[in-house]
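As you go down the protein sequences, you meet chains A and B in turn. If you're matching positions, the first sequence starts at 17 in the numbering used here and goes up one per residue. If you're matching positions, the second sequence starts at 44 in the numbering used here and goes up one per residue.
Don't read these hints as lab results, they were simulated from the structure. Since the structure is predicted, the reported quantities are computational estimates derived from the model, not experimental observations. Any given hint could be a false lead.
No farther apart than 27 Å at their CA atoms in a straight line, the calculated lysine-lysine pairs in the DSS-like style are these [stated by the list, open to error]:
| # | chain 1 | residue 1 | chain 2 | residue 2 |
| --- | --- | --- | --- | --- |
| 1 | B | Lys52 | A | Lys149 |
| 2 | A | Lys188 | A | Lys19 |
| 3 | A | Lys255 | A | Lys18 |
| 4 | A | Lys290 | B | Lys57 |
| 5 | A | Lys138 | B | Lys122 |
| 6 | A | Lys138 | A | Lys188 |
| 7 | B | Lys122 | A | Lys297 |
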Amino acid sequence: MKKDLLRVLVPSGMLGYGFPLDSFNRGLAMNPDFISVDSGSTDSGPQKLALGSMTCTRSAYTEEMEILIRAGLEHHIPVFISSAGGDGTNQHVEIFADIARELAHKNGWKLNMALIYADIDKEIVRKKLGEGKVQPCGPVDSLTAQDVDDATVIVAQMGAEPYLKVLRENPKINLIISGRSYDPAPMAAMALHNGFPAGLAWHMGKILECGGLCTEPSSRCMVGELHQEYFDLIPLGDKERCTPYSVAAHTLYEKTHPYLLPGPGGTLDLSGSKFEPVTEKIVRVSGSQFRPADPYTVKLEGAKRCGYRCICVAGIRDPILISQIDPFLDSVRELVNGLPAEQREGSQLIFHVYGKNGVMGDLEPNSDFVPQELCVIVEVAAPTPQAAQEVCNRVRIGLLHNPYEGRMATSGNIGLPFTPLEIPLGEVCAFNVYHLMQVDDPAALFPIQYIEVK
Amino acid sequence: MTYLKDIAKIIRSKNAGPFEVTMDIIFQNEEDYRRVLDSGVINRELVSKLYHIDPGKIITLSSFDAARAIKITLPRPRKQGSIGETDMHAAQQHVPLMLIELP
Chain A
17 MKKDLLRVLV PSGMLGYGFP LDSFNRGLAM NPDFISVDSG STDSGPQKLA
67 LGSMTCTRSA YTEEMEILIR AGLEHHIPVF ISSAGGDGTN QHVEIFADIA
117 RELAHKNGWK LNMALIYADI DKEIVRKKLG EGKVQPCGPV DSLTAQDVDD
167 ATVIVAQMGA EPYLKVLREN PKINLIISGR SYDPAPMAAM ALHNGFPAGL
217 AWHMGKILEC GGLCTEPSSR CMVGELHQEY FDLIPLGDKE RCTPYSVAAH
267 TLYEKTHPYL LPGPGGTLDL SGSKFEPVTE KIVRVSGSQF RPADPYTVKL
317 EGAKRCGYRC ICVAGIRDPI LISQIDPFLD SVRELVNGLP AEQREGSQLI
367 FHVYGKNGVM GDLEPNSDFV PQELCVIVEV AAPTPQAAQE VCNRVRIGLL
417 HNPYEGRMAT SGNIGLPFTP LEIPLGEVCA FNVYHLMQVD DPAALFPIQY
467 IEVK
Chain B
44 MTYLKDIAKI IRSKNAGPFE VTMDIIFQNE EDYRRVLDSG VINRELVSKL
94 YHIDPGKIIT LSSFDAARAI KITLPRPRKQ GSIGETDMHA AQQHVPLMLI
144 ELP
C-alpha cells in the first residue's frame with residue numbers, strides 16, 4: 017500500500033517528562049495517522065538496566081498514557097510507546113501494559129494492544145559470542161562469557177521489523193508498547209509499512225524521536241508530515257520554529273558522526289540531505305538515504321551491579337590547607353591504605369575536588385587556579401554497604417584531623433554540611449554489554465504478544 | 044587574540060552512548076564556519092593535546108556543512124554513571140574547546 021501523505025504526532029521526546037496540552041491538541045486537530053512517543057535512554061546511567069529502576073515514576077507514565085491512549089481511541093489512530101520505562105526490559109513492558117489495562121478498566125476502553133519484548137535470552141548471546149558474531153559497539157572491551165553472566169539483564173534495540181510485523185498481522189491495533197527499541201524504529205516502521213522511502217522514514221523518525229528538540233527554542237510537541245519525496249517538520253507551540261539550521265544542528269545531537277547514523281539493519285546517510293524553509297516555522301527535509309547493512313546487527317545493552325557506595329561531603333575554606341590540597345589528600349589516602357586488608361579489601365576511594373577539577377578531573381585545562389573554597393566529595397565503593405561506610409568513615413576522620421604543613425586551625429580541617437556525615441548511596445552499577453550482534457531474522461528476536469482488553 | 048568561544052554559536056559536549064563523548068561546535072554563519080574550518084586549527088594534534096588522548100583513538104573529527112558544524116567524538120574518559128563518574132551526561136567536557144586560539 018502506497019500513501020501520498022503520512023502524518024505523525026509526537027507529544028514529546030520522552031514519555032513522562034510532560035508536554036503542553038494546547039500544543040498536543042493543536043496537533044490532534046491536524047488529523048494525524050498515528051501518535052508515537054519514545055521512553056528510552058541510557059543517558060541517565062546504568063542503574064535502570066542493572067537494578068530495574070525506571071526513568072520516571074509510574075504515576076507520571078500513567079498520567080501521560082491516559083492522555084495519549086484517549087486521543088488515539090477518539091481519533092481512531094494507533095499509539096506507539098517504545099523502550100518502556102527507559103531501559104525497555106520485559107519487566108517494564110509489563111508495567112506499561114498494566115498501566116494500559118488499569119486505564120482501560122477505569123475509562124471503559126476497549127484496547128487491542130501489542131506488546132513487543134526485547135530481553136534477549138543469555139543463551140542466544142552466548143551462542144552468538146561463540147560463533148564470533150558479537151562485536152564491540154565503539155570503544156568497548158570485547159564481550160566475555162563473564163560479562164554475559166554478570167549482566168542483570170540483556171536487551172537488544174529492535175529495528176522496524178517487529179513493528180512492521182504487528183502492523184501486518186493486526187491492522188486494527190490501538191496501542192503498541194515495545195521494549196528496547198532503536199528510537200526512530202516505530203515511526204520508521206509506520207512509514208515503511210505505508211510504502212515511503214527508507215531514507216526519509218528513518219530520518220523523520222530520527223529527528224522526531226526527540227520531540228521538539230529540533231526547534232528554536234527547543235520544545236515538546238511536533239507533527240511530521242511525510243511525503244514520497246520529502247518530509248515537513250511542524251512545531252506546535254506558538255513561539256517555537258524550525259529553521260534549516262536548527263534541524264540540521266539537531267541531527268548532530270548525541271551522535272558519534274555528523275551525517276552517518278548507524279542503526280539496526282543499516283546506516284542513515286545524511287550527506288546529501290537538504291533542509292529548506294517552507295514557512296518561517298516549518299522546514300522541509302529531502303535527500304536522506306538509508307544504506308542497508310549486511311549482515312544485519314542489533315545493539316545489545318546490559319549493565320551489572322558492582323558494589324555499594326558511601327559518600328562524604330566536605331567544605332574547605334582555610335587557605336593554608338587549600339594551597340596544599342593534593343599532598344593533604346594523599347596523606348588521607350595513605351591512612352586508608354594502612355587499614356587492615358580485610359577492612360579495605362575491594363574498596364575504591366575517589367576524591368572529587370570541586371573548585372579545582374571536580375568536573376573534568378585530569379582533563380582540566382586550568383590546573384593552576386587557586387579558589388577561595390573547595391568542596392571535596394569523598395566517594396567510596398566497596399563490596400558491601402558496611403565496608404563502604406566503614407572506609408568512608410576512616411576517610412572522613414582523616415580529612416577532619418590529619419595534620420598538614422603550617423596548620424593554624426587545629427580543631428578541624430573541614431566544614432561538614434550534612435548528617436549523616438557518611439551518606440550511604442546504595443548500589444553502584446556499570447554498563448558492561450554494549451555490543452553489536454549479528455542476527456538472521458530481525459523480527460524473531462523480539463516476541464510479540466497480542467492482548468485484547470474489553 | 045580571538046578564541047573559538049568568541050565566534051562560535053554553540054560549543055557543547057554530550058554522551059554519544061555510554062562509552063563515547065561527542066562535542067559539537069556550531070557557527071552562526073557560513074563565514075565564521077569557513078574561517079575556522081579552512082584555518083585547519085582544529086585538527087587531530089590539537090584534540091589529542093586538549094583531551095590527553097592518542098590521536099589514533101579519536102573516533103570522529105568531521106564537519107557537516109548543512110549545520111555549519113564541526114564534530115569531535117572521543118572515547119569517554121570513564122564508564123558512564125559508574126564508580127568515579129564526574130559528569131553523567133558528559134555535558135561539561137567542552138570547555139577546553141572554548142579556549143582554542145584562532146589564527
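Verification of the hints:
{"no.": "1", "hint": "B:Lys52 / A:Lys149", "result": "violated, 43 Å"}
{"no.": "2", "hint": "A:Lys188 / A:Lys19", "result": "holds, 18 Å"}
{"no.": "3", "hint": "A:Lys255 / A:Lys18", "result": "violated, 35 Å"}
{"no.": "4", "hint": "A:Lys290 / B:Lys57", "result": "holds, 25 Å"}
{"no.": "5", "hint": "A:Lys138 / B:Lys122", "result": "holds, 23 Å"}
{"no.": "6", "hint": "A:Lys138 / A:Lys188", "result": "violated, 34 Å"}
{"no.": "7", "hint": "B:Lys122 / A:Lys297", "result": "violated, 40 Å"}
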